[in-house]
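Novice: So the sequence lines, in the order shown, correspond to chains A and B.
For any residue, its number in our numbering is found by taking its place in the first sequence, counting from 1, and adding 272.
For any residue, its number in our numbering is found by taking its place in the second sequence, counting from 1, and adding 272.
Calculated directly from the structure, the hints in this document are not laboratory data.
Mixed in with the good hints there might be a few duds.
Identical chains blur together in the list; that is why a pair holds if it fits in one copy or across any two.
Claimed, not checked - Okay, derived cross-link-like pairs now, BS3-like style, lysine-lysine, Cα gap no bigger than 27 angstroms in a straight line:
hint	residue 1	residue 2
1	Lys498	Lys275
2	Lys294	Lys396
3	Lys572	Lys396
4	Lys498	Lys282
Protein chains: 2
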Amino acid sequence: MSKYWSDAIKDLTPYTPGEQPKVDNLIKLNTNENPYPPAPAAIEALNSFDKDRLRLYSDPDCSALKEGLAAYHGVERHSVFVGNGSDEVLALAFMAFFRQPQPLLLPETTYSFYDVYCHLYDIKYQQIPLTAEFGIDLADYDRPNGGIIFANPNAPTGRALPLSEIEALLQRNTESLVIVDEAYVDFGADSAIDLTHRYDNVLVIQTFSKSRSLAGLRVGYAIGHKDLIDGLERVKNSFNSYPLDMLAIAGATASLQDEDYFQQTNQKIIDSREWTAQQLVQLGFDSLPSCTNFLFTQHKFLEGAELMGYLRGNNILVRHFSKPGIDNYLRITIGTQQEMEALVETLRNHPDL
Amino acid sequence: MSKYWSDAIKDLTPYTPGEQPKVDNLIKLNTNENPYPPAPAAIEALNSFDKDRLRLYSDPDCSALKEGLAAYHGVERHSVFVGNGSDEVLALAFMAFFRQPQPLLLPETTYSFYDVYCHLYDIKYQQIPLTAEFGIDLADYDRPNGGIIFANPNAPTGRALPLSEIEALLQRNTESLVIVDEAYVDFGADSAIDLTHRYDNVLVIQTFSKSRSLAGLRVGYAIGHKDLIDGLERVKNSFNSYPLDMLAIAGATASLQDEDYFQQTNQKIIDSREWTAQQLVQLGFDSLPSCTNFLFTQHKFLEGAELMGYLRGNNILVRHFSKPGIDNYLRITIGTQQEMEALVETLRNHPDL
């Protein structure tokens, strides 16, 4: 603390990202990274990029990437906003849309950056409990609000909502904006991007970090009505003109061209997830149905924190949240099939199993 | 405009970056980019980087880069903050330090993002006029304030303050933070980094975009007392965990190793600047003394806007600001010697010269 700090930052409790260990030879199933490399087209674009050009500023409008995303998702270019990872897109969206007289509504258990943004921007918010089965019931969001945000599929639960329920919410909730954070959507849920053609009160946020294996390149985006995108651009251009560097733009844009690779790696992850879920049942685990690249699971009698420690002792990292209500659960990222077999084998060797 | 916008963003007037033209064969002297490629060590680091690793998140703490900068500048690692270009570092610093009851003081003519940040974060500010010679007189800043920021050398004027005057300000102004934006310092001014060892009320911000030819990689940094850096980290980690991608970290870190290249390219730019300034005198221009990679200059009888248009018609881009008081000036970035010769030749061919 310093006397030069603004008052507003003295009470901030920053988000804690998952551990990025400096040692090798760990099986890293703790931060929902993709176990497969980025698309060959992306790697080729980065390798062949003329690095001398880095002396110039990157395109502040990221035109190539916006055009690629517009074509990929079948939307207009003016419906696309891009940012430095979906975290930056989310932060700018909170500032652009959620500083309202009424409170923002968000699930009690969800991506834990959302309430950090509320503190950063002094946004009132209400956390809506999940259902007994860790689901989101959108009927619970029918109350006065200055905005609604949820992840679909939700994290760390992995459960997804059907699009029909999201559309019904958009029809009921016309006075505030609904943001659907689809970081994990490509692993088995339906995207709300199609709804952006018909509703001006929905903004969909996606990322290149998970299904496109580009977490290390920091690219996220939002799709929605032109007026929403204009609001995001206005805030972005008052904050940082060039948040995406030339290489991030080039790599992300190229990755969109490799649809076969994209589908194949996603399917491999889905297959390994389903295999792992079945194996975990046999070991006494109870997992939520997952539409993501992770499993949210608890054991019948072994405690979550103890299991995390046991796995860590065997060079396998998984994520555990000490939050009440979910503190007996582990969030296990789906790695390669070989990594998941090692996980299952390690659990099978647990002295109490 | 959309009814879903937060009130605060409706009145924002975003910063306008210099034009990034899509056509080739222009001599681009409008955005203060470095005409020489990045250091060979940086290019080699980017080319040899194992792109498969991009599937993982980048180091949220950017340890390698912070350690490189600490060693380079002879400061402690905990005195270094890094961000997505110095624009992001500045924006986070405004949020961390300048939301105060008293107004922020800044020069009336300076980097035009400063007052954009004030509007974004609802920070009161007072603009202090420059002297008649377009200089900054720090005695003018001896008034109640919630912070002081200036660029040294200043932009777009190019003039620099001696370190002794900055140190005297730090001794007088102990109740608020002073930020010195040193984007251009490597082209001929003295850095205030040494003062950070002795004063806890100064934060120095630098960038890899100008003297290190890495504008396209988006890396900036701040150096100051540990408590100031802690404040920046707290805001950063409440906004975006991973603003620097793996390639930006790798390229910027490697560029620090190539000191000879760094000194040589800076000297070439300084030499071309002095040559150009002399030529411009002969053509009837009056330029301010520059410690930067640009010249701020006006002609005896030709208007700035007209000259910008004439040069544009000859495929040379320079920057013109329509702000009263400086609207007859051009800001001309120093390119290669060959580009500056082309500029001078084109001006010499002006029908009225």
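Novice: Now tell me, hint by hint, if it's right for this structure.
Specialist: Now for the hints, and whether the structure bears them out:
no. : hint             : verdict
1   : Lys498 to Lys275 : between (42 angstroms within a copy, 13 angstroms between copies)
2   : Lys294 to Lys396 : neither (38 angstroms within a copy, 44 angstroms between copies)
3   : Lys572 to Lys396 : neither (38 angstroms within a copy, 58 angstroms between copies)
4   : Lys498 to Lys282 : between (36 angstroms within a copy, 15 angstroms between copies)
In summary, the numbered hints that this structure violates are 2, 3.
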